[in-house]
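Peer 1: The lines below spell out each chain.
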Amino acid sequence: MKPAPFAYRRPETVEEALEALAREPGAKVLAGGQSLVPLLSMRLASPGTLVDVNRLPGLDQVTVSDDEVRVGALVRHADLLAHAPAGERQPLLAMALAHVAHATIRNRGTTVGSIVHADAAAEMPTVLALLGGSVEVASVRGRRTIAAADLFAGPLESTIAADELALSAGFPVLGPGEGVGFAEVARRHGDYALCGVAGLVRVEDDAVTEARLGYLSVADVPTVVDVTGCDPAEAAARALERIEPGDDIHASAAYRAQLVKVLTRRVLTAATDDARSRDARRTG
Amino acid sequence: MTEEVHDVRLQVNGATHAVTVPARRLLSDALRHDCGLTGTHVGCEHGVCGACTVLMDGRPVRSCLVLAVSAEDTEVTTVEGLAEDTGEDDTVLSPVQQAFSDCHGLQCGFCTPGFLTTITAGLRANPDPTEDEARDMIAGNLCRCTGYQNIVKAVLRAAELTREGR
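Top line first, the protein sequences correspond to chains F and P.
Sequential numbering of the first sequence, starting at 1, is according to full-length UniProt numbering.
Sequential numbering of the second sequence, starting at 1, is according to full-length UniProt numbering.
Here chain P stands alone, though its shape is the one from the complex:
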């Protein structure tokens, strides 16, 4: 029996990817294997760890809990889409990425893409979080290096950088 496939147009980081996938293809796998965007990491694959978090229409969602075929007509932002394109050869790190670098919020780096997308949206909703609010913002993402202290610092630093217009 051949499996039914679907032609899907995914809008990712401002580009259109026309892919042909079976209905069971998870968005996380479509991003990695069909679009070649391997920045999105796959951890637990049942919605617990948050490593695969991407933005769909600006809101963080677990890409392992969304079917690629049902992501059609949404705007997906992955970690690759966070850096600012300067139009030159270079890109500039976003405030959240810069803050992770400044505060050593990135340890082994596996969970980092999910944290970066989650915090990017979290700071849009709450640009000036307290430390408790910063912890709450990242509560759905697991870091197995237990780098939370530095990640919390990075949330607060990213808020500072954003306020400074960086």
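Isolated chain F (complex conformation):
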């Protein structure tokens, strides 16, 4: 299991990287490589050129503002997980990152890379979709921002063009009265989930005014379901209208549907409790 031959470029600046991507239509970007290298080794991917972006300056920063946590393309999962201000302003990041593979993989894999890899079985694409975040991309044609809602086109397929490089992802911070929750079931902690759910709930005067849940590993793309006004059983039913879990070697469709029900209840309850306790602390 070795990769097929490819040409390797290691640009020193973003501009050089964009030129390389523009020049070579079959090029792929290499950042952490924790998803890409296995695909190369199994020869499920055989790009003509890899553009290694690990030397590009300025992309390894996490910046926290009043509105968002902005994560550069070279920020490793482990570093975002350990970033206290980011975790404080958007606690869902750390909750979900703790489930991203094993510590060894998190040391090398990048959060932005995981998002643009667009694997519906991965945690961070669903977190970005649930929070309504975005990805900033660049090419020789210019820069643009892609909202999470427009990013995920299909299994392992994003709307980022072949000559575009993702520079960063922005995760909105927790708003007033908002709370979050996350749960997943995997055969072994750190493995891909059989089903995972992320939740965002907003309360005002102790009443739930908004509730959304994001699902991973049970659909072709990260799927966000609005469950405002639903009790947990209704929320699970609404999710299963949108999601048709499939069978594979690890779990039957029926078992996955059961996990959707159980985890929906668990996460909706946890996120609501989290929102209420944050709101109580805020309004004192």
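If you're looking for bench data, these hints aren't it; they were derived computationally from the structure.
A quick note: this is a predicted structure, and the numbers were derived from the prediction, not measured.
It cannot be assumed that every hint is accurate.
[As the list claims (entries may be wrong)] Stretch-level coverage of chain F by chain P, calculated; a stretch enters the list once three of its residues show a Cβ under 8 angstroms from a Cβ in chain P:
(1) 2 to 10
(2) 180 to 193
(3) 222 to 234
[As the list claims (entries may be wrong)] For each label pair, taking beta carbons as the anchor points, the in silico distance ranges come out as:
(4) Arg281/F / Ser101/P: 49 to 57 angstroms
(5) Glu84/P / Ala149/F: 30 to 38 angstroms
(6) Thr38/P / Gly142/F: 31 to 39 angstroms
(7) Gly58/F / Gln107/P: 41 to 49 angstroms
(8) Glu157/F / Glu164/P: 26 to 34 angstroms
(9) Arg281/F / Gln149/P: 41 to 49 angstroms
[As the list claims (entries may be wrong)] On the chain P side, residues computed to face chain F include the following (Cβ under 10 angstroms):
(10) Glu3
(11) Arg9
(12) Cys44
(13) Gly50
(14) Leu65
(15) Asp73
(16) Ala121
(17) Ala125
Glycine is no exception: its CB is placed at the ideal position from the N, C-alpha and C atoms.
Start from chain F and add chain P according to the hints.
Peer 2: Then chain P, alone, in the frame of chain F:
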């Protein structure tokens, strides 16, 4: 068609290895075949088993998921670099290696290099793990002899040895 090759300087266990490799050479293969350091073992080659784990700038990574050419300018530590060089003819086992010996954490030995590197870094981050934390520390490494009981014991023993200044 001849394949493009790259001259790469790998810093491994404090020594520099100048190697010429194609871009597709995995770090695991470069360590074994180009540097002659066969202590790093290759298991699944897609990042699941952890046998090939080495330290890059002190952090455990899967060497089968890193291209040798992109490991340039990093400090790589393999299992061969864990023992303490006493300057004499002999080397002294590191606390983690000694603990594996004490607790029979090494069974067939194939997965051992990955466990030793993973635990060495894990104990630096958490010098006094609980049993649960020890299990979590090794969760990304597979032992097909199912020697986990003794490996968990070895993690706790290595923490003890380190505290005793051994």
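Peer 1: Is 41 to 49 angstroms a correct range for the gap between the Cβ atoms of Gly58/F and Gln107/P?
Peer 2: Since the Cβ atoms of Gly58/F and Gln107/P sit about 47 angstroms apart, the hinted range of 41 to 49 angstroms holds.
Peer 1: Taking the closest Cβ pair, is Ala121/P under 10 angstroms from chain F?
Peer 2: holds (9 angstroms)
Peer 1: So the hint says 41 to 49 angstroms: do the beta-carbon atoms of Arg281/F and Gln149/P match that?
Peer 2: holds (44 angstroms)
Peer 1: Mind checking the hinted window 31 to 39 angstroms against the Cβ distance between Thr38/P and Gly142/F?
Peer 2: Given range 31 to 39 angstroms: violated, Cβ gap about 50 angstroms.
Peer 1: Using Cβ atoms only, decide whether Glu3/P comes closer than 10 angstroms to chain F, and label the hint accordingly.
Peer 2: With a closest approach of 5 angstroms, the Glu3/P hint holds.
Peer 1: Does Gly50/P meet its interface restraint, that is, does its C-beta lie within less than 10 angstroms of any C-beta in chain F?
Peer 2: holds (7 angstroms)
Peer 1: If I claimed the Cβ atoms of Glu84/P and Ala149/F lie 30 to 38 angstroms apart, would that claim hold in this structure?
Peer 2: Roughly 55 angstroms apart at Cβ, these two residues miss the hinted range, so it is violated.
Peer 1: Any CB of chain F closer than 10 angstroms to the CB of Cys44/P?
Peer 2: Since chain F brings a Cβ to about 8 angstroms from Cys44/P, closer than 10 angstroms, the hint holds.
Peer 1: Taking 8 angstroms as the Cβ threshold, is the statement that the region 222 to 234 of chain F is covered by chain P upheld or broken by the three-residue rule?
Peer 2: violated (count 0)
Peer 1: Is the interface hint satisfied for Arg9/P? The criterion is a beta-carbon contact with chain F at less than 10 angstroms.
Peer 2: Cβ of Arg9/P sits 14 angstroms from chain F, so the hint is violated.
Peer 1: Any CB of chain F closer than 10 angstroms to the CB of Ala125/P?
Peer 2: holds (9 angstroms)
Peer 1: So is the region 2 to 10 of chain F in contact with chain P by the C-beta rule, three or more residues under 8 angstroms, or is the coverage claim wrong?
Peer 2: holds (count 8)
The structure fails hints 3, 5, 6, 8 and 11 (numbered hints given earlier, in ascending order).
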